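Order-wise, the sequence lines are chains W and U. According to numbering that gives the first Met the number 0, the residues represented by the first sequence are 0 to 400, in order. According to numbering that gives the first Met the number 0, the residues represented by the second sequence are 0 to 400, in order.
Calculated directly from the structure, the hints in this document are not laboratory data. Treat the hints with care, as some may be off.
Copies of one chain are not kept apart here, so a pair can be met inside one copy or by any two copies together.
The calculated DSS-like cross-link candidates involving lysine-lysine, where the alpha carbons are at most 25 Å apart (straight line), are [as the list claims (entries may be wrong)]:
| hint | residue 1 | residue 2 |
| --- | --- | --- |
| 1 | Lys-299 | Lys-68 |
| 2 | Lys-31 | Lys-68 |
| 3 | Lys-169 | Lys-31 |
Owing to the predicted nature of the structure, the values given are computational and were not obtained by experimental measurement.
2 protein chains.
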Amino acid sequence: MPIAKGIAEAMTSPQASAIRKMFEEGIALKKKYGEDAVCDFSLGNPDLEPPPEVDRAIRAQASLVQKGKHGYMPNPGYRDTRVAMAEKASLEQGVAVPPDNIVMTCGAAAALSCVFKAILEPQGEVIVPAPCFPDYYHYAANHGGRLIPVPARADFSLDVDAVQKALSPKTCAVLINSPNNPSGKIYTTGELAALAGALTEHGNRPGNRVPYLVADEPYRDIVYDGREVPALFGLYGETLTATSFAKNLSIPGERIGYIAVNPAASQGAQVAAACAFAARILGFVNAPAFFQRVVAAAWKCRPDFSSYRTRRDALMSALDGAGITYAVPEGAFYLFCKVPPRTQPGDSSDGAFCEHLRANLVLCAPGSSFFCPGWFRMAYCVPEKTIDTARDALKRAVERW
Amino acid sequence: MPIAKGIAEAMTSPQASAIRKMFEEGIALKKKYGEDAVCDFSLGNPDLEPPPEVDRAIRAQASLVQKGKHGYMPNPGYRDTRVAMAEKASLEQGVAVPPDNIVMTCGAAAALSCVFKAILEPQGEVIVPAPCFPDYYHYAANHGGRLIPVPARADFSLDVDAVQKALSPKTCAVLINSPNNPSGKIYTTGELAALAGALTEHGNRPGNRVPYLVADEPYRDIVYDGREVPALFGLYGETLTATSFAKNLSIPGERIGYIAVNPAASQGAQVAAACAFAARILGFVNAPAFFQRVVAAAWKCRPDFSSYRTRRDALMSALDGAGITYAVPEGAFYLFCKVPPRTQPGDSSDGAFCEHLRANLVLCAPGSSFFCPGWFRMAYCVPEKTIDTARDALKRAVERW
């Protein structure tokens with residue numbers, strides 16, 4: 000029997016994600032041409048190893064003798080872990096976040112999935128500044144919602160006017176991701192305060208819901224040039240953050256993250272309960288027990304992110320050499336680049352350019368997947384020698400484009 | 000802002016699950032009255048520790064030095080793990096299952112969630128023999144489907160005629176769970192062959208889909224009195240199994256399981272791809288990396304399940320002593336019991352009886368949650384002293400009922 004029509008359509012949409020396809024094709028290309036010949040910038044798979052504290056916490060957990068340590072716990076997670084995450088969220092947000100406002104999840108993707116299950120009414124709209132992570136589309140659509148990408152300003156800063164214009168009686172949430180994947184942009188406190196004002200004003204008008212502000216924050220700690228990611232809880236009551244340790248601790252395959260509900264939210268206890276219930280009925284049940292304990296022990300440590308800065312600069316120099324323009328990333332580990340004008344006859348789209356790059360053994364993700372045609376994304380969480388190899392390959396590719 | 004109406008309703012439905020509520024109230028009651036005073040039969044949280052091979056595999060993984068071992072891998076999981084699970088599925092099903100037909104998941108609940116996302120058309124019906132696990136309701140409803148519980152026979156064996164009558168042009172799948180939670184029933188090859196015949200016949204009629212047979216098999220290895228759980232892949236082509244190591248290896252909190260697609264399925268490769276895609280877009284992304292490696296190393300071992308048999312018999316004797324009748328479990332670790340006739344004035348429902356038991360510090364789950372009013376479930380994966388303590392408590396409770 001065939002699969003369901005809906006998923007068959009989703010699997011062939013631009014948001015089916017060329018990223019994963021590139022990642023998987025990259026594995027095949029590396030087998031064929033050798034690991035060193037292929038420059039894989041496709042996936043945000045941190046190549047930094049977790050810091051030694053994570054290894055130590057893993058070994059400590061592995062030798063811990065404690066009955067039931069791999070068993071079920073209440074859906075929102077272990078109390079100790081939630082206490083630790085509440086401390087982390089309080090530090091980041093500058094307000095005291097109680098442990099009851101934390102729901103442990105199988106990563107940030109799971110966190111968003113649970114949040115949207117908890118808050119989206121049928122046909123409810125989720126406004127998101129574009130470019131943005133492609134799977135946001137599905138995270139909203141899975142629960143009957145609809146993602147409304149709204150272009151950011153030309154420099155990828157938050158276009159509050161555009162968001163405001165997109166608000167409607169169907170708006171359930173505004174989703175932001177700062178530092179942004181793929182642009183690397185960090186929204187400023189000023190922009191966020193203006194956004195909060197717009198949401199409050201909208202919510203006060205009869206017939207509208209007060210929108211939730213949902214912040215996807217896995218890159219919060221990866222910032223450059225002394226920048227900081229602003230706190231949100233003080234700016235807007237109905238705020239939920241979703242995050243993970245995928246990038247912070249370089250453990251994306253372990254699927255561990257959490258939701259934090261602003262203590263100022265008008266129905267925070269109910270929202271947290273609904274998120275935990277969503278985690279159960281969506282089949283997550285709970286975040287993996289072992290890594291709940293690991294992050295409770297090791298959440299304060301960080302890998303040395305300075306190499307991301309080094310690589311960012313190296314890749315920017317390679318792009319300069321190839322004549323490719325880009326947005327200078329303020330955080331995260333992606334370079335969002337403009338597809339150069341095509342000089343040869345043929346398709347000049349970002350998809351075609353990424354195919355062209357692939358023929359030159361450079362794997363990137365097309366901007367269309369991020370709701371931003373004409374651009375492409377390079378994930379630079381890769382070894383420096385990959386960037387070195389890409390230097391000539393990018394130049395050659397642009398010359399032949 | 001309030002949560003979505005849909006989830007608010009789901010949270011107050013009978014399938015919101017009295018089980019988890021009881022589990023969480025149990026934690027509170029134990030704090031109040033002491034661990035030993037409360038007889039908690041609420042949750043299928045195995046009290047057997049994982050076998051030593053699992054501990055060894057965890058320690059080996061903890062000291063393994065391998066770059067990227069906590070990183071992303073392709074959504075369906077590590078190749079090595081899929082090869083191991085394919086070997087397991089082949090042994091169980093008696094046909095050669097290729098690794099490409101395995102999708103690693105965050106447990107069996109996740110496996111079912113991904114399967115339903117992959118195969119359910121809007122309003123698509125999932126027929127399931129009742130009693131059954133309450134959350135099946137949500138696993139179907141989350142993806143626009145509808146669970147159709149069809150009562151099993153009086154002895155909880157499969158009522159193929161009843162299933163056949165429930166089949167409709169909207170039927171997308173028949174879901175079975177054998178050994179059954181809560182009844183402990185194992186469906187026989189004869190019953191399953193008759194079911195396969197009915198599904199084939201239905202699928203051959205114009206206007207109907209060929210239904211998928213989805214088998215939720217986390218209890219496959221927990222059987223009594225020399226029984227075996229029959230293979231399914233040889234009986235019916237369009238079969239998918241969902242399973243986990245929650246009960247097999249006593250690691251339910253770690254969220255590790257898989258989907259196996261019958262190699263005889265007409266569009267098996269597409270189904271496996273859709274399940275992996277569903278895992279991605281639902282926010283699971285992949286099964287936890289660490290435990291993927293652990294189960295690849297330790298899948299052949301088992302805890303000593305003989306104590307489940309001992310406890311089953313002890314609890315049956317306690318129930319006999321209290322005058323409560325039940326179905327003798329052939330597998331799994333639940334006793335499904337009939338609510339005794341009420342001799343005092345008042346509500347005589349299974350919900351009221353479970354409240355009455357709770358007042359006597361015995362925690363059980365009402366049958367209504369399992370689509371089977373008039374019954375209640377006792378999970379006997381608990382220490383033997385809990386069963387000893389329950390002996391008097393049950394007797395006392397029935398006398399006062």
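For each hint, the structure was consulted:
Proximity of Lys-299 to Lys-68 under the C-alpha cut-off of 25 Å is found in both arrangements, the shortest distances being 23 Å within a copy and 21 Å between copies. Taking the closest pair of Cα atoms, Lys-31 and Lys-68 come within 25 Å of each other only across two copies (23 Å); inside a single copy the shortest separation is 43 Å, beyond that limit. Taking the closest pair of Cα atoms, Lys-169 and Lys-31 never come within 25 Å of each other, the shortest separation being 50 Å inside a single copy and 46 Å across copies.
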